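Using the hints provided, position chains B and C relative to the given structure of chain A.
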Amino acid sequence: MISRRTLLASAALPLVACAPREAPLRFWGMGREGEVVAELLGGFQRENPGIAVQVEQLPWTAAHEKLLTAFAGDATPDIAQLGNTWVAEMAALQALSPLDEQVATSHVVQETDYFSGIWKTNVVDGQLLGLPWYVDTRLLFYRRDLLAKAGYDHPPRGWAEWKDQLRALKRIGVPNPLILPNNEFEPLLALALQQDEPLLKDANTRGNFEGAGFQRALGFYLDLLKEGLAPVQSNQQIANVHQEFGRGTFAFYITGPWNIGEFKRRLPAELQGAWATAPLPGPTGPGASTAGGCSFAIFKRSHRKAEAFKLMEYLSRPEVQGQFYALTGDLPPRKSSWAWPALTSDPHARAFAKQLENVRPTPPVAEWERIANEMQTFAARAAAEGSSAAETAKALDEDVDRILAKRRWLHERGRA
Amino acid sequence: MIRREKLTQMAFVLPALIVIGLFFAVPVLLGLLLSLTDFDLYALVSLKNLRFVGLANYIDLVQQPIFWKALGNTAYFVVLGVPLSIGLSLGAAVLLQSPLAHLKPLMRTALFAPVVTTLVAVAVIWRYLFHTRYGLVNEALQSIGLNPIDWLGDPHWSMPTIILFAAWKNFGGNMIIFMAALQAVPTDLYEAARLDGAKTWAQFRHITLPALAPTTLMVGILTTAGYFQLFAEPYVMTQGGPLQSTVSVLYLMYEQGFRWWNLGAASAVAFLLFGLIVLVTRGLMKVANRGAA
Amino acid sequence: MKTLKLKPVLVNAALAGAALLAIFPLLWMLSVSFMHNGEASNYPPPLLPSAPSLDRYRELLKSGGFGRAFLVSLSLATISTLVSTLLNALAGYGFAKLRFRGRDTLFALLLGALVIPGQVGMLPLFLMLKQMGLVNTWAGVLVPSMASIFGIFLVRQYAMGLPGELIEAARIDGAGEWRIFQAIVLPLLTPVLVTLGVLSFLGSWNDFMWPLIVLTDGNLYTLPVALAALSREHVQDVELMMAGAVITVLPVLALFLALQRYYMQGLLMGGVKQ
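From first to last, the protein sequence lines are chains A, B and C.
Going by our numbering, the residue at position 9 of the first sequence is 9; the numbering climbs one at a time, nothing skipped.
Position in the second sequence counted from 1, then plus 1000, gives you our numbering.
Position in the third sequence counted from 1, then plus 2000, gives you our numbering.
Extracted from the complex, chain A is given alone in its bound form (with noise of 0.2 Å):
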């Protein structure tokens, strides 16, 4: 993931206006989400003087690690923030703790304004155990000027098209027109969720990737990288993202909502009418994409759970929701929120709103995080290898059926 420069915020940040004796909330947040709230914490603070809140920031790339550590070592924290595929595993764990009734006392919080696709995410089992926060997807961020100097004046309705302009664009000097970071799953994981075929088989106990559907779209991601439209480069190799963007090193960047905020805030002035976002183009029209997002959990374990879900509400009202949109740019999950004049006029967050209109889950697995890691580790290696999308396909899913081997055995039991 690539880092985002801020202002270095405190590691803990215990926020005591009235010295309470007793622990502090803990609540932990990642990467610039994690940043963001303790700005957004002074609202509840004045509102709640008992309530000492303590942020604990974590970095996306040690996140889930800690999180798993934390759970093994009876160490979770009151509330945190956990993307919506990982309130399925942290679900299957048995960790987290049940919302529907302090939900259905809230005033705040409205089942019927949320987008009902994002809650579902959050619903396993029929226990709503996560409060969506914000939600995600990832779409085409692009140079619309370089697309046009190579002659096209839309951005790509298919995938046929999507490869003709990015062959046009080499032509005319864009050395990387699309840059695929050899290190992050989410663009060909939404090129596999645009096709027919789930990604898992057998009650999601075995690998399905030697299916149509992923060979299809591994097979895409792997020509655009042999064919020399996207390098072979981890993010990191890029250097600076945001900067490359400027100088027109690459045209075509797959990624989310909070990129609106930092290109706004990085790219100079006469650039800013330069770009654009897009809807993902799928095989023959329009594509769907990652239904991503991050949504609030309270564990289990916490003593401090009417406290924990005050938390919550907090961060959910309207206003406070818009005032996160602003620091940030993420997006909110609650209908009322996109009718915000800050959303309806800003024409980079019109895509969103498309995109976020086709978007699909991944299974529900609590192994899924490893295997869409196995998945990219596969694919990267296909393409420095120049091996094909069958081998690789094949090789997939012995690996993943591995993984899952336990939940089969645990599905035969009756227990997952």
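Hints listed in this document are in silico derivations from the structure and should not be mistaken for laboratory results.
Possibly wrong hints are sitting among the right ones.
As the list claims (entries may be wrong) - Here are the computed distance ranges between Cβ atoms for each label pair:
(1) C/ALA2254 to B/ILE1059: 46 to 54 Å
(2) B/ALA1140 to C/LEU2186: 30 to 38 Å
(3) A/ALA353 to C/GLY2038: 29 to 37 Å
(4) A/ARG402 to C/VAL2115: 26 to 34 Å
(5) B/ARG1194 to C/ALA2254: 39 to 47 Å
(6) B/VAL1185 to C/LEU2054: 46 to 54 Å
(7) C/GLY2038 to B/ALA1075: 35 to 43 Å
Since the structure is predicted, the reported quantities are computational estimates derived from the model, not experimental observations.
C-beta atoms are modelled at their ideal positions from N, C-alpha and C, and glycine is treated no differently.
Just chains B and C, lined up with the frame of chain A:
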């Protein structure tokens, strides 16, 4: 009377033994036990999800391509790194012992300093010095007309960079040991050789090296055993990448154990590594004995 | 006419060159830590700061939690050193001079265990500490380092060389074992204890993997763990990283410079493990 005496005497060693027993011996034995089960996150939820699987973890491990890659990476590191490190240590020791050298204490301190530094800190420093665009190393290469190298991003250069780093960090330790051993070589041997007309290099080959043989063997075995435990460098500098070219066996254990919490599999990796280290060091000793005989 | 001898020039040049290569990264670390944000990521990369400032240090100490991490490292290293030196001294002396049943077999067993890499027991130890409620606590970090086989070995080697007659005489005079240890043995053991103390302090200060695993809360971090966390998060902020590295490395370098004789002695004694 006698029993109380004996008890008091045992009491001296007891506190340390309790600590070592409880926090080292017991975990190691537990680890062996764990390696025979499929302990994972599900088992942390409920012990009903735990199965005894015998040697399945080990068999499974040797069937995975990533294990052999990790083994290969580690072997590469050992085979290239140990001679490099020992060579540097020996060279530095010889230089420091030379009667022609000036400012010995200062030089010795400077040469030894890397050993003392915190690995995490110097790994971060090296990462920047070897940065593809802004690193001083590439700057130096370019100033003499060579092309810059993607030290940590190119899968072919990542392990050599780590080998270089480990050599730099560790050579001081063995240097001191060699210095002590060199001091133990009787000077009249050199005198006699000089009178016989032997040049410096001949003296080195026929007096110094043989005299150092036992020390070299010991240093070699200790360094090899230590190098097999490569972990912190890939963890800080490359996270096992690029393209898993710096995944060592211990890094694999860390991933299995602390990233995915497959404790059964991770313990199997650890014990496999342990067995490997014992085999290799025994082998080294046998070869050395045969050579000496 | 004095002829210029080549050999001394070569030897000293080689030595100086090697020494420079050895400490250059550390000097560079120091230089960059005084640079402004982004100064080091210029092309061509600079060697010295254009306008040295302490801003990076201020940032780290004020809002980066490095001041706290420094104190944590200092306290943990001190406690670990004191406790482990004591326990190792007691045991080392016991194995050297006291006679009890099974003493030699026990010691041989301990020596054999030196071959086992420490990481083998880390995961089960983590689970054990979880049961004891010590995960994410400083006690959990300290507990495995309170005694070490290598430390016991060092003390034993040294203690074996102590004059047995002195101790025997005291026993005959009716002194108890503790009294003998305190009044006679400890003073004699001082040199090896200083060596052991220096080794322990450095080992504890530089320890990375175990505190990384045991501590999940950022405000409990030791310096190496805090630095590693910072480096994952702020990959592009070189100057900040270097300031963090200086804070982490300078104390141990200073300790080393002050007590290097003892440190190298310890290495030698450990190295000549015949």
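Hints and how they fare:
1. C/ALA2254 to B/ILE1059: 46 to 54 Å: holds, 51 Å
2. B/ALA1140 to C/LEU2186: 30 to 38 Å: violated, 53 Å
3. A/ALA353 to C/GLY2038: 29 to 37 Å: Roughly 36 Å apart at Cβ, these two residues keep to the hinted range, so it holds.
4. A/ARG402 to C/VAL2115: 26 to 34 Å: With a Cβ separation near 32 Å, A/ARG402 and C/VAL2115 satisfy 26 to 34 Å, so the hint holds.
5. B/ARG1194 to C/ALA2254: 39 to 47 Å: Given range 39 to 47 Å: holds, Cβ gap about 43 Å.
6. B/VAL1185 to C/LEU2054: 46 to 54 Å: Taking Cβ atoms as reference, B/VAL1185 and C/LEU2054 lie about 50 Å apart, which means the hint holds.
7. C/GLY2038 to B/ALA1075: 35 to 43 Å: holds, 41 Å
Hint check: a violation occurs at hint 2 only; the rest are consistent with the structure.
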